[in-house]
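With these hints in hand, go ahead and build the complete structure from the sequences.
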Amino acid sequence: MSRARVPWALLAVLVLAQICYPLTGGTTRAGLTVATVVLGWLLSVGHALLTRGTRVAAALVALVTGGGFAVEALGVATGFPFGSYDYSGELGPKLAGVPLIIPLAWTWMAWPAWLTAVRLTRSRAARVALAAVGLAAWDLFLDPQMVAEGYWTWLDATPALPGLPGIPVSNYLGWLGFAVLLAAALPPLAGPSVERVDGRDGPMFTLYLWTYASSVLAHAVFLRLPASALWGAAGMAVAAVPLAVVLWRARRDRAAAPDPAPRVDAPA
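Position one of the sequence shown corresponds to residue -7 (our numbering), numbered consecutively onward.
Don't read these hints as lab results, they were simulated from the structure.
Here a beta-carbon is modelled for each residue, glycine too, at the ideal position from N, C-alpha and C.
Careful, some of the hints might be misleading.
Listed below are the simulated SDA-like cross-link pairs for lysine to any residue, each with C-alpha atoms no more than 25 angstroms apart in a straight line [as the list claims (entries may be wrong)]: (1) Lys86 <-> Ala9; (2) Lys86 <-> Thr20; (3) Lys86 <-> Pro154; (4) Lys86 <-> Pro73; (5) Lys86 <-> Gly17; (6) Lys86 <-> Tyr13; (7) Lys86 <-> Leu31; (8) Lys86 <-> Val26.
Label-pair ranges, simulated between beta-carbon atoms [stated by the list, open to error]: (9) Leu8 <-> Gly84: 37 to 47 angstroms; (10) Ala219 <-> Thr145: 16 to 26 angstroms; (11) Pro14 <-> Ala62: 24 to 34 angstroms; (12) Pro180 <-> Gly17: 37 to 47 angstroms; (13) Pro154 <-> Val237: 23 to 33 angstroms; (14) Arg116 <-> Thr198: 19 to 29 angstroms; (15) Gly191 <-> Gly155: 17 to 27 angstroms.
Next up, the structure:
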């Protein structure tokens, strides 16, 4: 298999695992959750490595995986910056009270959110803001889903967003603030190649749009979480809808472009 096909193959396996999620329950669903997060982490880090090299992949892991674990451990121990919460034991082994897959999950979505922002913006400030919103808005789907499964519990869930009881607003604000720090730190740590996109980034754009569309459908229909379907649809739309429009227009323009004229060699 060529290097270019590896991310697409991982994405296909990830999509299959996510399709199976609402069809399972209990320990099977918890195990599938862990497997899906690991697949997502491998997909994003693998794509970063294959398309931009060791420095970028290492920066992504150090910053998002390492930083994500650190801020989660801080949150569990002190309640800052998200609020007071505890993890159950259903998501696998824990360190400092944090399941080891949790920082992997944020790495999984941070990379496509960042590349989406690069594709849509020109200035560094706009890029950081959009990447942060694009990542943090995912939690409007993730937290209600995981709380409903009992994977973690908030000790003080007020004030909460309308229709999303059991999760404090401080959680979403905390993730937005931390996502801004991640997005601001990535370019200087990873180097200039993270501020360019090209044809190799198709799997990451597809991942972001699939996550958006499939999450809306799953929450609205299969998981019976209509409020999080609406909140997540509105939040992630800030990045997902413009990305879909830009990609559709680029595809349309390529299809409409005239074929290059055939080469005619001059007679000898």
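Pro14 paired with Ala62, Cβ distance criterion 24 to 34 angstroms: holds, 32 angstroms
Distance restraint between Lys86 and Tyr13, which requires alpha-carbon spacing of 25 angstroms or less: holds, 22 angstroms
Proposed proximity, Gly17 with Lys86 (alpha carbon, max 25 angstroms): Given that 25 angstroms is the threshold and the Cα spacing comes to 22 angstroms, the pair holds.
Range hint 37 to 47 angstroms (beta carbons of Leu8 and Gly84) holds or violated: violated, 21 angstroms
25 angstroms Cα cutoff - pair Lys86, Thr20: Given that 25 angstroms is the threshold and the Cα spacing comes to 19 angstroms, the pair holds.
Hinted pair Lys86 and Ala9, Cα distance within 25 angstroms: holds, 23 angstroms
Hinted pair Lys86 and Val26, Cα distance within 25 angstroms: Since the Cα atoms of Lys86 and Val26 sit roughly 13 angstroms apart, the hinted pair holds (cutoff 25 angstroms).
25 angstroms Cα cutoff - pair Lys86, Pro73: Satisfied, since the Cα-Cα distance of roughly 20 angstroms is no more than 25 angstroms.
Pro154 paired with Val237, Cβ distance criterion 23 to 33 angstroms: holds, 29 angstroms
Verdict for Arg116, Thr198 (Cβ pair) under range 19 to 29 angstroms: holds, 25 angstroms
Supplied distance hint 16 to 26 angstroms, evaluated on CB atoms of Ala219 and Thr145: Between Ala219 and Thr145, where Cβ atoms are some 18 angstroms apart, the hint holds.
Satisfaction of the hinted span 37 to 47 angstroms by the C-beta atoms belonging to Pro180 and Gly17: Between Pro180 and Gly17, where Cβ atoms are some 45 angstroms apart, the hint holds.
This entry does not satisfy hints 3, 9 and 15, going by the numbered hints stated previously.
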